[in-house]
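Construct the complete structure from the given sequences, taking the supplied hints into account.
So the protein sequences, as listed, match chains A and B. For the record, in the first sequence the residue sitting at position 171 is 171 according to the numbering used here, with numbers rising by one throughout. For the record, in the second sequence the residue sitting at position 246 is 602 according to the numbering used here, with numbers rising by one throughout.
Mixed in with the good hints there might be a few duds.
DSSO-like, lysine-lysine: derived pairs with alpha carbons at most 27 angstroms apart [what the hints assert, rightly or not]:
#, chain 1, residue 1, chain 2, residue 2
1, A, Lys24, A, Lys180
2, B, Lys553, A, Lys210
3, A, Lys210, A, Lys163
4, A, Lys210, B, Lys579
5, A, Lys180, A, Lys3
6, A, Lys49, A, Lys3
Far from chain B by the CB rule (all over 12 angstroms, computed), these chain A residues [stated by the list, open to error]:
#, residue
7, Asp117
8, Arg270
9, Arg324
10, Glu346
Don't read these hints as lab results, they were simulated from the structure. Glycine is no exception: its CB is placed at the ideal position from the N, C-alpha and C atoms.
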Amino acid sequence: MTKTSERIFVKGNEAIARGALAAKCKCFFGYPITPQNDIPEFMSSEIIKAGGDFVQAESEVAAANMLLGAGASGVRAMTSSSSPGIALKQEAISYMAGSEVPAVIVNMTRGGPGLGDIGPAQGDYYQSTRGGGHGDYRHFTLGPGTVQEAYDLTIRAFDIAFKYRTPVLILGDAILGQMKEPIVPWEPTDVDEDAGRDWAITGRTGGREKRLIKSLFLDEGALAEQNKHLQAKYDSWKDLTEAEQFETEDADLIVCAYGSIGRIAKSAVRKFRKDGHKVGLFRPITLYPFPSDELKALAEQGKRFLTIEHNLGQMVDDVRLAIRTVADSDFYPIYPGNLPTPDELEEPILKCLEGK
Amino acid sequence: MTEMNEKLVFERPRSVIDRPTHYCPGCHHGIAHRLIGELFDEMGLAENTLMVTSIGCSVFLYNYLNADAVEAPHGRAPAVATGVKRARPDKFVFTYQGDGDLASIGMAEIMHAANRGEKMCVVFVNNTVYGMTGGQMAPTTMIGQITTTTPAGRCQTHEGAPIRMTEIIASLGGTAFAARGALNTVANIKKAKKYLKKAFEFQLNNTGFGFVELLSGCPTNWKMTPLAANERIANEMIPYFPLGIYKDVSEEGGVC
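Take a look at the structure:
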């Protein structure tokens, strides 16, 4: 059940904030860092108007731990940051994964390593899809490519977080965050705001048994059991993979790209199609779990692959893992610090086509 | 007939779970737990409480007190508690933290939670040493105190002076109540309970941040008998960490 309203013209960052409010997010914990400041700035007034609470934390570390506290209390809560700030949040994210606390974390990435720059980049793919903190864990990672998708996936992120009691990461970048596009906002009408009733810490009202949200398991074998349980949960996500396939059916060459670069690559692919070249686009939307089966199915049809990323080669590992028994993928890196255009992507695609 | 006349004067608080603790002989965590449990019973808090436990020996607070709890990363309990309280403002929320946790790695979190005036309480157990990790120097380690990382004794010019947290917390605008008690004598234990009660009341009245430091013994890491540890609290710790109330906004006319 949904309720839609009229089109609005908003930045990607604002779309995420609006999506969170539509999903009944009640607490937001932020810390300023470019290029995601529109999110906490929007939330500092709007979430209060919506009856929730906003805290500008003293650090990214504190913001992520506030998120842990709110999530453990069974309340829909979110934090947002950008690359170096997300690195600081990893401690709490590992604890949230370990103690199965639902929460939504937004990473509007910038260039790195280190202080890097404030321009777009996709250098955080490994950190986002491998479990950036300590221990064996994964979390759901969604990679929106348009402002509308940023809105839609934020709503979905909260549903996934609570259904599976897991932190969910939204991986965008400075392009998506700063780009303005028309979107059609919608509101889910079936949000269960009391979804934590069976597990969250809410007080032993009525004398119920006490509840513990924890990630410490000292008894012999207990930690192994918890890890088995977590891995089984991650395995169960296999069926939830999602990818955009554009002109892939009769394509000889498939360009693999995600997020903003996926969108730019789509423009390049359109141009090649106009010129009669059989090029298609495969854009993963769930980055973890990665849509390996869909990609492998394309490889089994004898297609060739070119992965393009705004980094020096990270998602290409997942592409290769998916298709390794039948094919391989070429790779074209866009270095952080450069803003890619569709024209720039034409040469590597053409080279790949000619190399047939 | 005699049985009829017997009066039960001392029993386990209902909020304290009936199980042996894992603490070393002479450790004061058990006393601190009991004081909190007694207050849970007296103030009717057990069903309304969300506890935030931290790192170290006291993480297992949740095994001994019958209330909901969440475990925080090292030093982050005040941030986690901020999230809990903002999410569930009608609940009674407190953290229970040791000196390494609160005054070293968690210094930023405790300062800012207090300064924001989060409507929560912090129970700060100060035994001047990292206990569970095996007796390393803490920010509160006394000058001259031998630990596994200050084998020649803490030296002020090399390691700095022991940090007085209650004084610092009392100086922050959001703090409604800050006090330091000790758990080495019956008289001090009774006074410590009063401080805890007052801090709890400030939260229940939605006034501001409540902070209670409890000077405690760690005979194992101090390499002392429990009685000698109590003596050390009296002779070495209390002179440097004076007991008493450092801030009480009800006496200052109150703040919001």
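Status of the hints after comparison with the structure:
no. : hint                  : verdict
1   : A/Lys24 <-> A/Lys180  : holds (23 angstroms)
2   : B/Lys553 <-> A/Lys210 : holds (23 angstroms)
3   : A/Lys210 <-> A/Lys163 : holds (22 angstroms)
4   : A/Lys210 <-> B/Lys579 : violated (36 angstroms)
5   : A/Lys180 <-> A/Lys3   : holds (23 angstroms)
6   : A/Lys49 <-> A/Lys3    : holds (20 angstroms)
7   : Asp117                : holds (27 angstroms)
8   : Arg270                : holds (45 angstroms)
9   : Arg324                : holds (37 angstroms)
10  : Glu346                : holds (48 angstroms)
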